[in-house]
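Sequences are here, hints too, so could you generate the full structure?
As you go down the protein sequences, you meet chains R and U in turn.
Residues 1 to 250 (my numbering) are what the first sequence spells out, left to right.
Residues 1 to 250 (my numbering) are what the second sequence spells out, left to right.
In short, the hints are calculated from the structure, not lab data.
Among these hints, one or two may not hold up.
[Stated by the list, open to error] Below, simulated EDC-like cross-link-like pairs (lysine to aspartate or glutamate); rule was C-alpha separation at most 16 angstroms, straight line: (1) U:LYS117 <-> U:GLU136; (2) R:LYS245 <-> U:ASP176; (3) R:LYS152 <-> U:GLU186; (4) R:LYS232 <-> U:GLU244; (5) R:LYS113 <-> U:GLU194; (6) R:LYS155 <-> U:ASP225; (7) R:LYS245 <-> U:GLU180; (8) U:LYS112 <-> U:GLU19; (9) R:LYS152 <-> U:GLU180; (10) U:LYS222 <-> R:ASP68; (11) U:LYS155 <-> R:ASP225; (12) R:LYS155 <-> U:ASP176; (13) R:LYS110 <-> U:GLU194; (14) R:LYS152 <-> U:ASP225; (15) U:LYS152 <-> R:GLU186; (16) U:LYS152 <-> R:ASP176; (17) U:LYS232 <-> R:GLU244; (18) R:LYS152 <-> U:ASP176; (19) U:LYS245 <-> R:GLU180; (20) R:LYS152 <-> U:ASP184; (21) R:LYS222 <-> U:ASP68; (22) U:LYS155 <-> R:ASP176.
[Claimed, not checked] Computed footprint of chain R on chain U, listed as stretches where at least three residues anywhere in the stretch have a Cβ under 8 angstroms from a Cβ of chain R: (23) 111-118; (24) 170-176; (25) 201-214; (26) 217-229; (27) 234-244.
Glycine residues also receive a C-beta, built at the ideal position from the N, C-alpha and C atoms.
Protein chains: 2
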Amino acid sequence: MTKVCILGAGKVGTHFIKECINNPAIELIQIFNRSQKGIQLYQNSIPTTQSVYELKKADLYLVALPDDVIATLDLNHLKGLVAHTSGTLAFTNLQAQNRAVLYPLQSFSKEKKIHFKKLPLCLETEFEKDYKILREFAYSLSDAVYAIDASKRQKIHLAAVFANNFSNRMMGIAYDLCKEHQIDFEILQPLLQETFLKTQILPPHIAQTGPALRNDQQTIIKHMDQLTGTNKTIYQLITQSIQEKHGTEL
Amino acid sequence: MTKVCILGAGKVGTHFIKECINNPAIELIQIFNRSQKGIQLYQNSIPTTQSVYELKKADLYLVALPDDVIATLDLNHLKGLVAHTSGTLAFTNLQAQNRAVLYPLQSFSKEKKIHFKKLPLCLETEFEKDYKILREFAYSLSDAVYAIDASKRQKIHLAAVFANNFSNRMMGIAYDLCKEHQIDFEILQPLLQETFLKTQILPPHIAQTGPALRNDQQTIIKHMDQLTGTNKTIYQLITQSIQEKHGTEL
Chain R
1 MTKVCILGAG KVGTHFIKEC INNPAIELIQ IFNRSQKGIQ LYQNSIPTTQ SVYELKKADL
61 YLVALPDDVI ATLDLNHLKG LVAHTSGTLA FTNLQAQNRA VLYPLQSFSK EKKIHFKKLP
121 LCLETEFEKD YKILREFAYS LSDAVYAIDA SKRQKIHLAA VFANNFSNRM MGIAYDLCKE
181 HQIDFEILQP LLQETFLKTQ ILPPHIAQTG PALRNDQQTI IKHMDQLTGT NKTIYQLITQ
241 SIQEKHGTEL
Chain U
1 MTKVCILGAG KVGTHFIKEC INNPAIELIQ IFNRSQKGIQ LYQNSIPTTQ SVYELKKADL
61 YLVALPDDVI ATLDLNHLKG LVAHTSGTLA FTNLQAQNRA VLYPLQSFSK EKKIHFKKLP
121 LCLETEFEKD YKILREFAYS LSDAVYAIDA SKRQKIHLAA VFANNFSNRM MGIAYDLCKE
181 HQIDFEILQP LLQETFLKTQ ILPPHIAQTG PALRNDQQTI IKHMDQLTGT NKTIYQLITQ
241 SIQEKHGTEL
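The structure is reproduced here in structure tokens:
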């Protein structure tokens, strides 16, 4: 059984805390947070602290804190393995003796539970001896455990920004357009469902449809005329991106 | 039972042809296509023609042809209702006596079957008397039938481009990044699944996560450094769009 302290009670930290509490293969022995706010909830069930120097002896310290905070924490006094959850930072950004990364490839929202069993966990340790500890913890949570080095992890994180953050913003613009024109966003749900179902069976370049792909200039011009500001520039730029990808004449 | 001729055997036309063939409430009496290629498949089962002047007498002529072709077809000799399937054109773009629109709000690919029962069909007729014919046909295909005028339909079509075409391109860039760096795109599937599951329960601005939302400049700079060309400009612009939406300081 892995004894673990979780550092951070933000979105990522909270999801891990809840999962570890309910996981019989993991003993969550302490929660650290810089402010008391995030840990009040747990004060009656799990020891909490606001000082890294009060951290208990554990096999693993999981640091789920913002990137700019991770590097500032002095964790050199800890004997156990210290792993951050950042997609972009290297383990060398940690001030600790035994350093590692456990990057969960998912978009964490407070409002929605995550299914950990399928959550991809990307692991990296500074020392080979530590990999076993990290892997045991990871497999207690998920069946999708990968050994991924810093360089690949950074590319995965970048790809994830496009796949999730940016595609979500595209849906957000669609949502805003519907709202602005008193159209129920629900009417787009079958299309959204189809968009996503296609990514499971077809590569995105095969699934691509629309006026940009067809180089339907009449429609493109009509659409551009209906847009202003950043949305207009986005329309133009992603149309260009689709046409560059598909070799359509601009 | 609606007697229908379908004009066009491209992506949209083919999906409607296949659905109408299998639908007991619809009698598909003829298929028109400009080239013989698209209609060869049906020659032994359904009458086909390459001339609009050979079109048989029907209740409804469904024109599933490219926007720039729709306006060029002389259909003035037809007594039945003529409806195009375009998201952007008005019914006035048809050269016909009784004009209408039946816009199916979906992304049609040759490679994937559409579930017509949930397919939103946006209807508009020039004359009120014709609406009943169009509605009867539409409800034979789908439970999601809406009366939508030209102005709203154009906004829906525009929103659909962002929701489907552009979010698909974002997934395409993610796919390309993975491929370029020998990363199996499968690792992103749980994230893609979560992205779309969230749109069913949360508005996109609530589901938004990532470095742009957090205004995590370190990560944004690292990501920008890994990108070139159009992808780099897209990263910058959509980051800006997220920050404008969420009132984050740039």
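A quick look at each hint next to the structure:
| no. | hint | in the structure |
| --- | --- | --- |
| 1 | U:LYS117 <-> U:GLU136 | holds, 14 angstroms |
| 2 | R:LYS245 <-> U:ASP176 | holds, 10 angstroms |
| 3 | R:LYS152 <-> U:GLU186 | holds, 14 angstroms |
| 4 | R:LYS232 <-> U:GLU244 | holds, 14 angstroms |
| 5 | R:LYS113 <-> U:GLU194 | holds, 10 angstroms |
| 6 | R:LYS155 <-> U:ASP225 | holds, 11 angstroms |
| 7 | R:LYS245 <-> U:GLU180 | holds, 14 angstroms |
| 8 | U:LYS112 <-> U:GLU19 | holds, 13 angstroms |
| 9 | R:LYS152 <-> U:GLU180 | holds, 11 angstroms |
| 10 | U:LYS222 <-> R:ASP68 | holds, 13 angstroms |
| 11 | U:LYS155 <-> R:ASP225 | holds, 11 angstroms |
| 12 | R:LYS155 <-> U:ASP176 | holds, 11 angstroms |
| 13 | R:LYS110 <-> U:GLU194 | holds, 13 angstroms |
| 14 | R:LYS152 <-> U:ASP225 | holds, 15 angstroms |
| 15 | U:LYS152 <-> R:GLU186 | holds, 14 angstroms |
| 16 | U:LYS152 <-> R:ASP176 | holds, 14 angstroms |
| 17 | U:LYS232 <-> R:GLU244 | holds, 14 angstroms |
| 18 | R:LYS152 <-> U:ASP176 | holds, 14 angstroms |
| 19 | U:LYS245 <-> R:GLU180 | holds, 14 angstroms |
| 20 | R:LYS152 <-> U:ASP184 | holds, 11 angstroms |
| 21 | R:LYS222 <-> U:ASP68 | holds, 13 angstroms |
| 22 | U:LYS155 <-> R:ASP176 | holds, 11 angstroms |
| 23 | 111-118 | holds (count 5) |
| 24 | 170-176 | holds (count 7) |
| 25 | 201-214 | holds (count 14) |
| 26 | 217-229 | holds (count 6) |
| 27 | 234-244 | holds (count 8) |
Of the numbered hints given earlier, the model fails none.
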